[in-house]
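K.L.:
Chains A and B, in that order, give the protein sequences.
Residue numbers are given in the numbering used here: position 88 of the first sequence equals residue 80, and the series is strictly consecutive.
Residue numbers are given in the numbering used here: position 170 of the second sequence equals residue 162, and the series is strictly consecutive.
For the record, the hints were derived by calculation from the structure and aren't laboratory data.
If several chains are the same, the list does not tell them apart, and a pair holds so long as it fits within one copy or across any two.
Lysine to any residue pairs mimicking SDA-like chemistry, simulated, CA-CA at most 25 Å apart: (1) LYS182 x GLU295; (2) LYS68 x ALA13; (3) LYS256 x ARG294; (4) LYS154 x TYR140.
There are 2 protein chains.
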Amino acid sequence: MSIVVVGSVAFDNVASPSGKAENLLGGAATFFALAASYFTQVRVVGVVGDDFTDEHFEVFEKHKIDTRGIERAKGKTFRWGGHYVDNLNEAKTDFTELNVFEKFEPRIPNEYRDSKFLFLANIHPDLQALVRREMNGVRLTGGDTMNYWIQRTRPELERTLKVMNVLLINDTEVKMLASNETNLLRAARKVLAMGPQALVVKHGEYGATIFFREGSFGIGSHPFRAPALPIEEVKDPTGAGDSFAGGFMGYIASQSELNREVLKRALFYGSVMGSFAVEEFGTAGLQNLTRGEIDARFQLFRELTHLD
Amino acid sequence: MSIVVVGSVAFDNVASPSGKAENLLGGAATFFALAASYFTQVRVVGVVGDDFTDEHFEVFEKHKIDTRGIERAKGKTFRWGGHYVDNLNEAKTDFTELNVFEKFEPRIPNEYRDSKFLFLANIHPDLQALVRREMNGVRLTGGDTMNYWIQRTRPELERTLKVMNVLLINDTEVKMLASNETNLLRAARKVLAMGPQALVVKHGEYGATIFFREGSFGIGSHPFRAPALPIEEVKDPTGAGDSFAGGFMGYIASQSELNREVLKRALFYGSVMGSFAVEEFGTAGLQNLTRGEIDARFQLFRELTHLD
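Working from the sequences, and respecting the hints, build out all of it.
P.N.:
Written out as structure tokens, the structure reads:
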């Protein structure tokens, strides 16, 4: 089943201990869409400027990603520059030029409206809520957010959380969202009480944990954890979280059932896609995979943590 | 089969967000011995002062731990005080009084010499090497170390690493030992080249990873990861690493085979014992367990990360 993603499409400049690269195709919606495209049909809602060429659109088209929801506006595409020093989990921002993204008003093409899965990447919570209302026939909505919105637009974010089924954020964000509760389990419980039926907490190089609201997607409230493979060289962590979300949501959208076992396997697939993304600069690690390579790494992740 | 542990026996004062407690029975050898005692017979080599009473010895005796190698010296027992603020993985030391531990010269009772398993807790690497020489019939030696020895006694530590089969340290230590290599996989490979056949890296609340030297304990060089259970309330992280080591080594010593599957299950048991330790102040979380409770939590850890 197809999935709609709304979020940024961008150009990135990145420097890391492994080197640097400029004008990389990036943005949350881009990483998400490429990662999810190996599992299901993806439809993007976003905005780009007149510096976004056919060559860039071809990257999407090669993966059969629907770009009819990507508006071409007058001006420049969103640009971000950042670098990583020792701690590869933390980007230091060099510049952010919102450009055409500043006035982004997501518009859902009519052709997208039959999609049953929706992902609200990291944008203003009011825009997330607007898209969610437009897509009122969806079966499952996933979403992301960040410190910026937690601190500056908490009431709006709390409203939006009520219409998200699965929230995917990192350790720092979940603790901040839970009013600085430092215990992960208690923080997760607080966030689940705000609306989502499941919460995925991304731990960077240590994988991710999914917490379920009691009775959601099945019985009980035990969390579940997927590991991350220790990787030889993390070249560029940019987009790891969005690629994780793409693998997670894409796998879910490809399944007919929606239960805990599906969500658990989805957590592994998220971890797998995140690991491919960081092995190359920009989206290069996601562009030329096969489903066979993805499933082989899935098995590796399984072996990494399964006892005989 | 029995296991010998050499290391500190201490009294701790601890403060954490959950409260505080004074004069707690502690020390690396104590946590290790209690955790390992649920799997095998444990023999301790250490030193205490005249403030160490029969009541304290009874804690060991209740677990059938052999204390004939604990020397009673004139003076006070090693004392440590510390507190934890938000980051429960990091203790802030308030005071360290080495007392009788300052001149500790480990002496192995003759009755201990038939033990086939040895754990060298965190002491001066020369003392670790001395004990290892004395116990020259052992089948497997595990050991710990810390930043202090890595920075101040690297040549001595590197000599000792050559006679350790398994080194158990945390993320920060492995990176420091590998000359500030920040990539975990590459850091692990460098450390394995220094001597140990296996390296266990403890990740605090994210569990632990075991790396194997190519061809050691079986075929291949894939790492393996055990999760840690998200815990409702971490009351006192002191001794978590030593309890992990006790569960890990104790389980290994209880098995007749010595292969990767045993080491993998040992990693889970290490994680399990660490989780019990942090739920109470001092050693209280390790004192009244049953093997049934331990195996039930082992199953919980398995379910936490195993796909159907």
